[in-house]
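Chemist: Taken in sequence, the protein lines are chains A and B. Per our numbering, the first sequence runs over residues 1 to 729. Per our numbering, the second sequence runs over residues 1 to 156.
Be aware that a few hints might be false.
[Claimed, not checked] Straight-line C-alpha distance at most 30 angstroms; calculated DSSO-like pairs for lysine-lysine: (1) A:Lys8 to B:Lys47; (2) A:Lys154 to A:Lys515; (3) B:Lys124 to A:Lys293.
[As the list claims (entries may be wrong)] Just some of the chain B residues that point at chain A, by a computed CB distance under 8 angstroms: (4) Tyr20; (5) Glu83; (6) Ile88; (7) Pro106; (8) Asn108.
[Said to hold, decoys possible] Label pairs and their calculated CB-CB ranges: (9) B:Asp85 to A:Leu629: 55 to 61 angstroms; (10) B:Arg14 to A:Asp671: 44 to 50 angstroms; (11) B:Lys122 to A:Leu575: 41 to 47 angstroms; (12) A:Glu22 to B:Asn120: 47 to 53 angstroms; (13) B:Glu119 to A:Asn673: 49 to 55 angstroms; (14) B:Pro93 to A:Glu25: 42 to 48 angstroms; (15) B:Pro93 to A:His14: 25 to 31 angstroms; (16) A:Lys578 to B:Glu10: 55 to 61 angstroms; (17) A:Asp261 to B:Asp85: 55 to 61 angstroms; (18) B:Phe90 to A:Leu575: 48 to 54 angstroms; (19) A:Leu629 to B:Phe90: 51 to 57 angstroms; (20) B:Phe90 to A:Asp261: 53 to 59 angstroms.
Honestly, the hints are just simulated from the structure, not real lab data. Keep in mind it's a predicted model, so treat the numbers as computed, not measured. Where is the CB? At the ideal position from N, CA and C, for every residue including glycine.
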Amino acid sequence: MEKNKIEKVYDQIHTPEDLKKETLEKMKKSSSSSTNSKLTYRYILSIAALFIFTFAIGTVYKSNNFLNNQEPNYELAKKELVEIDTETSDLKHFKDVEELKTFLKKQYKDEYQFRYSRKEIAGLLTNDVEEIAEDASAIADTAGSTNSEGNFYKTNNQVENVEEADIVKTDGKYIYYSTNENVYIVKAEDLKLEATVDFSLDENTNFYPSEIFITKNKLVVLGEFTEYTRLSDEDTEIQPRSISRSIGKDLAKAYIFDISDKQNPKLIRQVGIDGNYYTSRLIDNTLYLISSKYLYYYPEIEEKELLPIYYDSINSGDEYRNIDCNHIIYCEEAKAETYRNIGAINIEDNEKEIAVETFLGYGNTVYCSENNLYITTSNYNTGNDTALESTEIYKFNISNGGLKYSCKNSIEGILNNQFSLDEYKGNLRVATTVTVKEKAIKNSVDKDFEIRFGTTTTNNVLYILDENLEKISELTNFGIEEKIYSVRFIKDVAYIVTFEQIDPLYIIDLSNPEKPVIKGELEMPGYSSYLHPYDENHIIGIGYNVEDNGHGGVYNSTLKIAMYDVSDLNNPKELFKKSFGNEYSYSDVTYNHKILMYDKTRDLIGFPISIRNEKGRMENSIVLLKIDLENKEFKLHSKYTNGDFYNYIRKVIYIEDEIFILCNNEILSFDINTLDNIADLSLPERARSYIIEDMYYDFNDAIVESDTQETLSADTRTAEIMSSETENE
Amino acid sequence: MQNRNEMIEEMINRYSDMVYRIALTRCKDKESAEDIYQTVFLKYSEKMPKFESEEHSKAWFIRVTINITKNVNVSNWNRKEIELDETIQFENPKDYDLFIDICNLPQNYKTVIYLMYYENYKVKEISELLKTSEGTIKTWLYRARELLKENIEGGI
Numbered sequence: 001m002e003k004n005k006i007e008k009v010y011d012q013i014h015t016p017e018d019l020k021k022e023t024l025e026k027m028k029k030s031s032s033s034s035t036n037s038k039l040t041y042r043y044i045l046s047i048a049a050l051f052i053f054t055f056a057i058g059t060v061y062k063s064n065n066f067l068n069n070q071e072p073n074y075e076l077a078k079k080e081l082v083e084i085d086t087e088t089s090d091l092k093h094f095k096d097v098e099e100l101k102t103f104l105k106k107q108y109k110d111e112y113q114f115r116y117s118r119k120e121i122a123g124l125l126t127n128d129v130e131e132i133a134e135d136a137s138a139i140a141d142t143a144g145s146t147n148s149e150g151n152f153y154k155t156n157n158q159v160e161n162v163e164e165a166d167i168v169k170t171d172g173k174y175i176y177y178s179t180n181e182n183v184y185i186v187k188a189e190d191l192k193l194e195a196t197v198d199f200s201l202d203e204n205t206n207f208y209p210s211e212i213f214i215t216k217n218k219l220v221v222l223g224e225f226t227e228y229t230r231l232s233d234e235d236t237e238i239q240p241r242s243i244s245r246s247i248g249k250d251l252a253k254a255y256i257f258d259i260s261d262k263q264n265p266k267l268i269r270q271v272g273i274d275g276n277y278y279t280s281r282l283i284d285n286t287l288y289l290i291s292s293k294y295l296y297y298y299p300e301i302e303e304k305e306l307l308p309i310y311y312d313s314i315n316s317g318d319e320y321r322n323i324d325c326n327h328i329i330y331c332e333e334a335k336a337e338t339y340r341n342i343g344a345i346n347i348e349d350n351e352k353e354i355a356v357e358t359f360l361g362y363g364n365t366v367y368c369s370e371n372n373l374y375i376t377t378s379n380y381n382t383g384n385d386t387a388l389e390s391t392e393i394y395k396f397n398i399s400n401g402g403l404k405y406s407c408k409n410s411i412e413g414i415l416n417n418q419f420s421l422d423e424y425k426g427n428l429r430v431a432t433t434v435t436v437k438e439k440a441i442k443n444s445v446d447k448d449f450e451i452r453f454g455t456t457t458t459n460n461v462l463y464i465l466d467e468n469l470e471k472i473s474e475l476t477n478f479g480i481e482e483k484i485y486s487v488r489f490i491k492d493v494a495y496i497v498t499f500e501q502i503d504p505l506y507i508i509d510l511s512n513p514e515k516p517v518i519k520g521e522l523e524m525p526g527y528s529s530y531l532h533p534y535d536e537n538h539i540i541g542i543g544y545n546v547e548d549n550g551h552g553g554v555y556n557s558t559l560k561i562a563m564y565d566v567s568d569l570n571n572p573k574e575l576f577k578k579s580f581g582n583e584y585s586y587s588d589v590t591y592n593h594k595i596l597m598y599d600k601t602r603d604l605i606g607f608p609i610s611i612r613n614e615k616g617r618m619e620n621s622i623v624l625l626k627i628d629l630e631n632k633e634f635k636l637h638s639k640y641t642n643g644d645f646y647n648y649i650r651k652v653i654y655i656e657d658e659i660f661i662l663c664n665n666e667i668l669s670f671d672i673n674t675l676d677n678i679a680d681l682s683l684p685e686r687a688r689s690y691i692i693e694d695m696y697y698d699f700n701d702a703i704v705e706s707d708t709q710e711t712l713s714a715d716t717r718t719a720e721i722m723s724s725e726t727e728n729e
Numbered sequence: 001m002q003n004r005n006e007m008i009e010e011m012i013n014r015y016s017d018m019v020y021r022i023a024l025t026r027c028k029d030k031e032s033a034e035d036i037y038q039t040v041f042l043k044y045s046e047k048m049p050k051f052e053s054e055e056h057s058k059a060w061f062i063r064v065t066i067n068i069t070k071n072v073n074v075s076n077w078n079r080k081e082i083e084l085d086e087t088i089q090f091e092n093p094k095d096y097d098l099f100i101d102i103c104n105l106p107q108n109y110k111t112v113i114y115l116m117y118y119e120n121y122k123v124k125e126i127s128e129l130l131k132t133s134e135g136t137i138k139t140w141l142y143r144a145r146e147l148l149k150e151n152i153e154g155g156i
């Protein structure tokens, strides 16, 4: 429906004929500048899309070594990076590159036949929106850890003492904010911009910061780094034009700064692991950086392209290293599409090199306790199993800043998000939604038909696994025909919201891990997609009210926040709730727990919402709600609205008696009691170099103007820090 | 082997509307969109990049258009809406409303919406085109769809 409408709209937009004509004439007149330029450089455009596209049309790649001259020297890491106990697991390590290749080749063949049907399944089973919401949800939180030294905003971490990266952090005096592709250090008191950490590197490299951590005197900036490889003339001469020349490198990178001097943050270390930045955790001084690297396998691929790379400035100097293939874990059944790389970095110890661990498989949920890191991968089954999806859980021991693979297991169903996992007293509790094929269809002869048209039913399961991920018990048959929308484990109790038409909140007693029991059930319209523990007896749920859409389904009507009394596990109650806006209002907090601000001392909760106003335009606001248990209400403390879509409000934080509204390009501070505006700060934009734009023009046969050539040789891996004075624009 | 002028004509015929649509959507301003349109095609005729496939050339035009529009200071036209005239006409006022709604989305959201729903790119391909992770694309899509929902569902 949406699609047709959007198509219809754009089908009616055409280039004005005059414009086209005029442009065409100009184009014909303009001379190709390649003939005038003295030197031509060829850029490799690292767009992976090309790779796939070319693949799809069946172009045969020839193995080529054009990268040899320009690439940093590769060196296989000889050092034992991670110790792995091969005896105890059904996972294997590749002995050598040949074995890895053989494995991938087989998969490649299997996949080739398999891919189509799998796509079909995925398309049939999941409603688009749900799928997106699910993936986008890296929801979280748990009672925010309380540090001493004053009362200020802390990231809403899922697990106490396990810090999650955030777009903003504060130490009570300074605000560190990642926006606009920069990181800004701002003095909270008067919103004075102390420094802009600018990551515009040079024409061949780029870094997009996304999230940050701070410690006492360190700032860690995480994000995606890209390096485009440029070929020398000699290389390009010997290569036929038709060969796609290279893929740029994508690395999930962490830049570590010393911020003892706020005005001059000093880059002291940078580390990177292959692929796109996925998520991270900080436990004590150890940073766990997780990336995913799509595996572009093709039969002629070269060894160094095949193995994931990593980089650590303290040791590698200017070199990328390959992760040795006998440190790559895989299991036969898993579909190998992606490398999931985990790097462990001690940010206070500049002697100790990054430790890297890799496994093959498509990972999507990361849960981290103080001692263990769990990564799950989901598989779609095509065989005769009744369950369509299964989830593999990989467990890594990370106690004392280490990183060691410990075990894995497979369970039925898929996870909602990181809150679907919880470690307590050595056991892992997992809640999954299982989609099952109907029996009648299962026995059908025509398998293809079965996959396409088989009806399915869903069920939810709660597993309790021991420290070796062996199953202790499982609880099934709750929320039949419904999907899990949110989960929260609090000590011996699991709170699970399932949803189809109406929202039951199940309360499950886990005090006997051998025998989990459903204690209470509460049905009310709508659903919560995030559950936040308020105190021992209360839980806050944030989600949507729903209304019947008249076609047998429901749609989200208004945002809601509700307080549940769970003091009596058998008899949970909804104490009070508040709804916002109208239909089609939404809030990021419903799928990203890190958006939530919670001030325990004032009982104040804050998050952004978007509401469509009477004029039909979307309005961005921050709402602050006072939780009043006595009068049983969420009392609107204040609301800040910004009609400017381009200065999108991202978040609200607080420090002592001030609240800070963080917009895309602006920070504003207010007195929390009087709501008087204290200060405003416009954030300078990223100093853009010509390169960022030019890079994309110069796809294959790019020509660089001669006056810019000097800069091309600049060291590509040095982050430049600009203080606010030198910042332009 | 095609000569230069033939190639130019082929490209402008093939991608004219696409470039114009992206430029118009991203700038929300007809004059700027026309400027950008010319810049993109002139870039092409200056560089004459060799493409390996149709997908390759399409990706090139999309990226160049997006990158050039990045430099345009969109916020100046924040409040301005594209007006109907002889070059932009819609059969149904609702189509116009939807178009304005799409244009009023944040830059990334509307780009993703266009690529997904009009050009039929997959999330993965969009993430590669825009050099952004799939998760981010999905988030943008999700939010964009949430923002557009009223108009779309209301018209059923």
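Chemist: Does each hint hold? Answer for all of them.
Modeler: These are the hints, each one checked on the structure:
{"no.": "1", "hint": "A:Lys8 to B:Lys47", "result": "violated (34 angstroms)"}
{"no.": "2", "hint": "A:Lys154 to A:Lys515", "result": "violated (36 angstroms)"}
{"no.": "3", "hint": "B:Lys124 to A:Lys293", "result": "holds (13 angstroms)"}
{"no.": "4", "hint": "Tyr20", "result": "holds (4 angstroms)"}
{"no.": "5", "hint": "Glu83", "result": "violated (14 angstroms)"}
{"no.": "6", "hint": "Ile88", "result": "holds (6 angstroms)"}
{"no.": "7", "hint": "Pro106", "result": "holds (6 angstroms)"}
{"no.": "8", "hint": "Asn108", "result": "violated (10 angstroms)"}
{"no.": "9", "hint": "B:Asp85 to A:Leu629: 55 to 61 angstroms", "result": "holds (59 angstroms)"}
{"no.": "10", "hint": "B:Arg14 to A:Asp671: 44 to 50 angstroms", "result": "violated (58 angstroms)"}
{"no.": "11", "hint": "B:Lys122 to A:Leu575: 41 to 47 angstroms", "result": "holds (45 angstroms)"}
{"no.": "12", "hint": "A:Glu22 to B:Asn120: 47 to 53 angstroms", "result": "violated (30 angstroms)"}
{"no.": "13", "hint": "B:Glu119 to A:Asn673: 49 to 55 angstroms", "result": "holds (51 angstroms)"}
{"no.": "14", "hint": "B:Pro93 to A:Glu25: 42 to 48 angstroms", "result": "violated (36 angstroms)"}
{"no.": "15", "hint": "B:Pro93 to A:His14: 25 to 31 angstroms", "result": "violated (19 angstroms)"}
{"no.": "16", "hint": "A:Lys578 to B:Glu10: 55 to 61 angstroms", "result": "holds (59 angstroms)"}
{"no.": "17", "hint": "A:Asp261 to B:Asp85: 55 to 61 angstroms", "result": "holds (57 angstroms)"}
{"no.": "18", "hint": "B:Phe90 to A:Leu575: 48 to 54 angstroms", "result": "holds (49 angstroms)"}
{"no.": "19", "hint": "A:Leu629 to B:Phe90: 51 to 57 angstroms", "result": "holds (53 angstroms)"}
{"no.": "20", "hint": "B:Phe90 to A:Asp261: 53 to 59 angstroms", "result": "holds (58 angstroms)"}
Figure legend: structure checked against the earlier numbered hints; hints not met, in rising order: 1, 2, 5, 8, 10, 12, 14 and 15.
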